[in-house]
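Letter by letter, the chains look like this.
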Amino acid sequence: MKRLAAVFVSVWLLVVAFPYLWVLLASLKTPHDLIDPRSFVFAPTLDNWREVAASGIGNSVLSSAIVGLATVGIGVVVAVPGAYAISRWHAGGEATRFGILLSEVLPPAVLVVPLFLLAYNLGLRDTLVAVIASHLTFVLPVMTWFMVGFFDAVPKELEEQALVDGYGRIGAFIRIVLPQVLPGLGAAMIFGFVLSWNDLFYALILAGGKARTLPVAVAGYNTFRGVELGQMAVAILVSVVPVLVASFVVQKRLIRGISRGGLKV
Amino acid sequence: MFRFGIRHVFLAPLLVVLGGIVAYPLLYSLWLSVTNFNILKQGQTRFVGLDQYLGLPANETYVAALVNTLVFVGLAVAVELLLGLALALALQQVLPRRGRNVLRSFLLTPMFVTPIAVGLMFRFLLNQQLGLIPALLAQAGVRIDFFGSQLALFSIVGIDVWQWTPFMLLLMLAGLESLPTQPFEAARVDGAGTWFTFANVTLPLMRPVIAVAVLIRGLDAFKVFEYVFAITRGGPGTATETLQYEVYRTGFTFFRLGEAAAMAFVLVAIVLVLIVPLYRRVGER
Numbered sequence: 019m020k021r022l023a024a025v026f027v028s029v030w031l032l033v034v035a036f037p038y039l040w041v042l043l044a045s046l047k048t049p050h051d052l053i054d055p056r057s058f059v060f061a062p063t064l065d066n067w068r069e070v071a072a073s074g075i076g077n078s079v080l081s082s083a084i085v086g087l088a089t090v091g092i093g094v095v096v097a098v099p100g101a102y103a104i105s106r107w108h109a110g111g112e113a114t115r116f117g118i119l120l121s122e123v124l125p126p127a128v129l130v131v132p133l134f135l136l137a138y139n140l141g142l143r144d145t146l147v148a149v150i151a152s153h154l155t156f157v158l159p160v161m162t163w164f165m166v167g168f169f170d171a172v173p174k175e176l177e178e179q180a181l182v183d184g185y186g187r188i189g190a191f192i193r194i195v196l197p198q199v200l201p202g203l204g205a206a207m208i209f210g211f212v213l214s215w216n217d218l219f220y221a222l223i224l225a226g227g228k229a230r231t232l233p234v235a236v237a238g239y240n241t242f243r244g245v246e247l248g249q250m251a252v253a254i255l256v257s258v259v260p261v262l263v264a265s266f267v268v269q270k271r272l273i274r275g276i277s278r279g280g281l282k283v
Numbered sequence: 090m091f092r093f094g095i096r097h098v099f100l101a102p103l104l105v106v107l108g109g110i111v112a113y114p115l116l117y118s119l120w121l122s123v124t125n126f127n128i129l130k131q132g133q134t135r136f137v138g139l140d141q142y143l144g145l146p147a148n149e150t151y152v153a154a155l156v157n158t159l160v161f162v163g164l165a166v167a168v169e170l171l172l173g174l175a176l177a178l179a180l181q182q183v184l185p186r187r188g189r190n191v192l193r194s195f196l197l198t199p200m201f202v203t204p205i206a207v208g209l210m211f212r213f214l215l216n217q218q219l220g221l222i223p224a225l226l227a228q229a230g231v232r233i234d235f236f237g238s239q240l241a242l243f244s245i246v247g248i249d250v251w252q253w254t255p256f257m258l259l260l261m262l263a264g265l266e267s268l269p270t271q272p273f274e275a276a277r278v279d280g281a282g283t284w285f286t287f288a289n290v291t292l293p294l295m296r297p298v299i300a301v302a303v304l305i306r307g308l309d310a311f312k313v314f315e316y317v318f319a320i321t322r323g324g325p326g327t328a329t330e331t332l333q334y335e336v337y338r339t340g341f342t343f344f345r346l347g348e349a350a351a352m353a354f355v356l357v358a359i360v361l362v363l364i365v366p367l368y369r370r371v372g373e374r
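Chain order of the listed sequences is A and B. Last residue of the first sequence? That's 283 in the numbering used here, and every number before it is there in order. Last residue of the second sequence? That's 374 in the numbering used here, and every number before it is there in order.
With the rest of the complex left out, here is chain B:
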């Protein structure tokens, strides 16, 4: 039988606040997504069932945004994981005790930096006329338009890699430090080489950490917005449209909030698919 005890006194404020600012808005948004709500035509709001959702596949910008976002997340997370893991292993090899903490702290800083500032920083650095990198490349005879339709999405991936590889590095370092030492000693006694040990001892032991890191980073990468807002605004054409940017545009420059809510709920579906395995791993206590 339910008894209201001290535990509920402690927990209640948290649940009440989260209910008010997360659960209630979520339901409200679900309702909006089955209406044709437009803030400029509020009198004409009516229930339209699943029309907003069914209209999405025909919305070319939205489909482009969906594809771009998936490509972005897949590429960015893969590169960040590989770089993060490689850096963590390299750091373990080279670092003298003394400089270790300072160097590591410095390498981790990008993940704390305001993303809009990161976006503007790279827009500036990679700018055709005023940026240093194109200027240096031009000197070497190479002309690259980092934000042209061919490269723009990959440049955005590169910026994400700069900012978020540190997150992978942080988790990989924590993971490596928590590994048991016995398997490594056994491998050494058996005369296993560096690569053999890495592939057959380190990687299998790191698998849970890698899985969780990829899930967390992947879920976070779906939120990409600032770089697009700062640099390309979705262009050229639809080359860098992303879901979060598309929701912003549909909802807050065109004020079609019902449609924006439907777009956002597709994201919720993706998140739910990803979060269940994450919860299984984290929840096992």
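Only chain A is shown next, with the shape it has when bound in the complex:
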């Protein structure tokens, strides 16, 4: 049994690792080396990286970062107090809970048509504002859902004690309850940022031009002329590496976020 399990895990480890390594190798190959997929020994070059850096991908990285930070920032201001009200006072009742879960699972295909028209009519097409608004449609429900779970885990007595000690409701919330959930809040923020960073669908439709985010720019490398394959590999890595780093930071609490808030496993 143990041996079988070890083999299985090892095989899966290879399956997971392999695409990363392949793309990393491709990003270091010259167009000539790229023609033979089986070449594993070659003289590495940084040309692809230089060209992608010169192509203005920095602007897209910046756009993605701005969108992610703004989305998560608004998420903190709006979703955290909302989640607290839902957790502590059951505010808004069942309808609110159901509504938030529904918006979390609503397919983007449903919202993209009206959001596109709204952006069009308000003159916000191809702006980051439109992308931020669209990303809030999924980041807000997810952050709320997570935070409800984390607030549920804070003992009521802590807060009651704070009220006895003369803090007001808001004072107790900010000084006593919030510090208790800070690690969870951090995880919810990073996770929200990753969701925003990864979105192609909304960003492509709402801002495919000069305001394009990184996934839209990466999709633009979708070409199979051998010459640009190396650059595509670089662009893939540029979008992947930050989320890989984030994933290591956030995973442990993600389990708790999903299991306490979302799932109750």
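Read the hints as simulated data drawn from the structure, not as lab findings. Keep in mind the model is a prediction, meaning the values are calculated, not measured. The beta carbon of each residue, even a glycine, is placed where N, CA and C say it ideally should be.
Quick look at which bits of chain B chain A covers, simulated, 3 or more residues with Cβ under 8 angstroms: (1) 99 to 105; (2) 324 to 338.
Each pair of labels, with its calculated beta carbon distance range: (3) A24(A) <-> L145(B): 44 to 54 angstroms; (4) G188(B) <-> L181(A): 39 to 49 angstroms; (5) G94(B) <-> L196(A): 18 to 28 angstroms.
Fit chain B to the supplied structure of chain A, relying on the hints for placement.
Chain B alone, transformed into the frame defined by chain A:
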């Protein structure tokens, strides 16, 4: 009687924002779906009742997209669940304390990776001329066109399995870790074998976790778009048309936004059917 209290001060901003960016667009879209709205012919917009919906069954591409999406979701979620559960059990068996967290973290990484990057990565890997896997297979005398009309949808399923099995693994690990220990001790005392214990103790205890994981992943899988956009654009023929891609094409390359809204609302109906059992499970507090 309703009194506006502190709880409403906390909740109001969230509801106002969600109302503005989710509820209002949803109603707006419902309205669009009963018109013939086309952004290029805005002057001719009129109410057409249910015509957009009634026209869908005759739209072959749309029907293909619906069927493909259902096949995709069913297959992908089933494979991901089986693999995720098997991996979680295997990980529990083999992992030494030391390497555990690093290995687990690494195995979970694909679910965080930008889906368009995943799509391009696999398009590259599986490409006939330039990809490694067809090259290795060719060496062994096997010729497979991963994105030909026979296999394309299954290749897309495979890519989804690479990216999302980690999600199942994550939930299954969390589920396994939260199981009570007594039933397992009882089974051991009774001399139950590994398989017997798995089938009669582990699985029944894991049922709620599995149900929720399948629902969440299933709802998410309906959104498949990036792989199709990156690799096949719905082809060959209609082999990989999916609902979300079809909405994108109808709405934003043909600009028939009324029709696209109607297509999307069929998705809402599917989501609503799935979400009610999910809510029952999650909402029980």
